[in-house]
Amino acid sequence: MKGRKSEKQFTRLLAFLLAYLFLTPFIPQNSWTTVIVQIWLSVTLLFAASVAQNKKKHRTLIVVLVLVAVCLHWLGIYEVLPFSGEGALFLFVVFYALLIHAFGKRLIRARHVTGEVIMVALCIYLVIGLLWGAGYALMDALSGGTAFGGTLLENVQTSKLHLYNYFSMVTLTTLGYGDITPQIPEAASLCQMEAIIGQFFTAVLVAWLVGMYGKPMGRQQPEQE
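As numbered in the UniProt record's numbering, residues 1 to 225 make up the sequence shown, in order.
Mixed in with the good hints there might be a few duds.
[What the hints assert, rightly or not] Pair ranges (Cβ atoms, derived):
{"#": "1", "residue 1": "H112", "residue 2": "V80", "range": "35 to 43 Å"}
{"#": "2", "residue 1": "P28", "residue 2": "G211", "range": "44 to 52 Å"}
{"#": "3", "residue 1": "M212", "residue 2": "E79", "range": "44 to 52 Å"}
{"#": "4", "residue 1": "G176", "residue 2": "V210", "range": "26 to 34 Å"}
{"#": "5", "residue 1": "E79", "residue 2": "P28", "range": "31 to 39 Å"}
{"#": "6", "residue 1": "R111", "residue 2": "G149", "range": "41 to 49 Å"}
{"#": "7", "residue 1": "G144", "residue 2": "A15", "range": "16 to 24 Å"}
Treat the hints as calculated values from the structure; they're not laboratory data.
Note that beta-carbon positions come from the ideal geometry of N, C-alpha and C, so glycine has one too.
Could you build all of it, start to finish, from the sequences and the hints given here?
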């Protein structure tokens with residue numbers, strides 16, 4: 001029962017992540033719709049934090065982290081505090097790294113391929129993209145907008161985070177359309193690292209899943225922390 005409940009949680013999280021990544025760009029950018037998009041991001045992060053850890057103490061810490069990050073993010077949108085936007089992006093990077101660590105532990109401890117294992121693997125892949133997207137946005141903010149260039153970034157009046165999430169996903173899959181490109185060596189290095197991680201993750205994950213699929217089915221579900 002716990003395994004089925006956990007699978008449903010990760011299925012919902014995957015749906016939240018996909019909706020945020022693929023549906024929000026279709027929403028016209030203005031003051032009201034920006035609020036809607038940011039609310040969706042906040043809900044997605046809070047839900048991810050709730051399923052990341054089973055131990056109450058660890059879950060409390062990660063929830064507090066994401067709450068601080070979300071608060072700073074909202075303050076940064078309305079420019080209430082200086083550098084609140086940069087602080088939020090930094091905490092987003094830390095939060096996504098903690099998510100990947102928590103989800104990765106669930107994946108490694110799995111004894112056979114289940115629906116939960118597939119959902120966790122897909123969530124990890126998308127969170128890797130979000131981590132680098134936040135990293136790109138942070139680098140761009142700290143560089144004064146000189147780290148990246150391209151047609152998509154021209155005349156953008158609202159938050160560029162969704163654009164950097166897009167750029168991160170096409171870099172993770174090594175598509176590289178060229179509509180956003182790194183302009184400084186540090187940014188190019190981050191892009192290179194993400195492309196390598198994306199290829200390694202896919203290759204290793206497929207090999208691991210194929211190996212796990214051949215194991216006999218047991219009663220044990222992926223271990224909970």
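Practice problem: Return holds or violated for the Cβ distance of G144 and A15 against the range 16 to 24 Å. | Solution: violated (37 Å)
Quiz item: Do M212 and E79 keep their Cβ atoms within the hinted range of 44 to 52 Å?
Solution: Since the Cβ atoms of M212 and E79 sit about 49 Å apart, the hinted range of 44 to 52 Å holds.
Self-check item: 31 to 39 Å as the expected CB spacing between P28 and E79, which holds or is violated
Solution: Roughly 22 Å apart at Cβ, these two residues miss the hinted range, so it is violated.
Self-check item: Distance restraint evaluation - R111, G149, Cβ atoms, bounds 41 to 49 Å
Solution: Holds, at about 48 Å.
Self-check item: Range agreement (Cβ of V80 with Cβ of H112, hint 35 to 43 Å)
Solution: Violated, at about 50 Å.
Quiz item: So does P28 sit 44 to 52 Å from G211, Cβ to Cβ?
Solution: holds (47 Å)
Quiz item: That 26 to 34 Å hint for G176 and V210 (C-beta), does it hold up?
Solution: holds (28 Å)
Violation of the numbered hints given earlier is confined to hints 1, 5 and 7; the remaining hints are satisfied by the structure.
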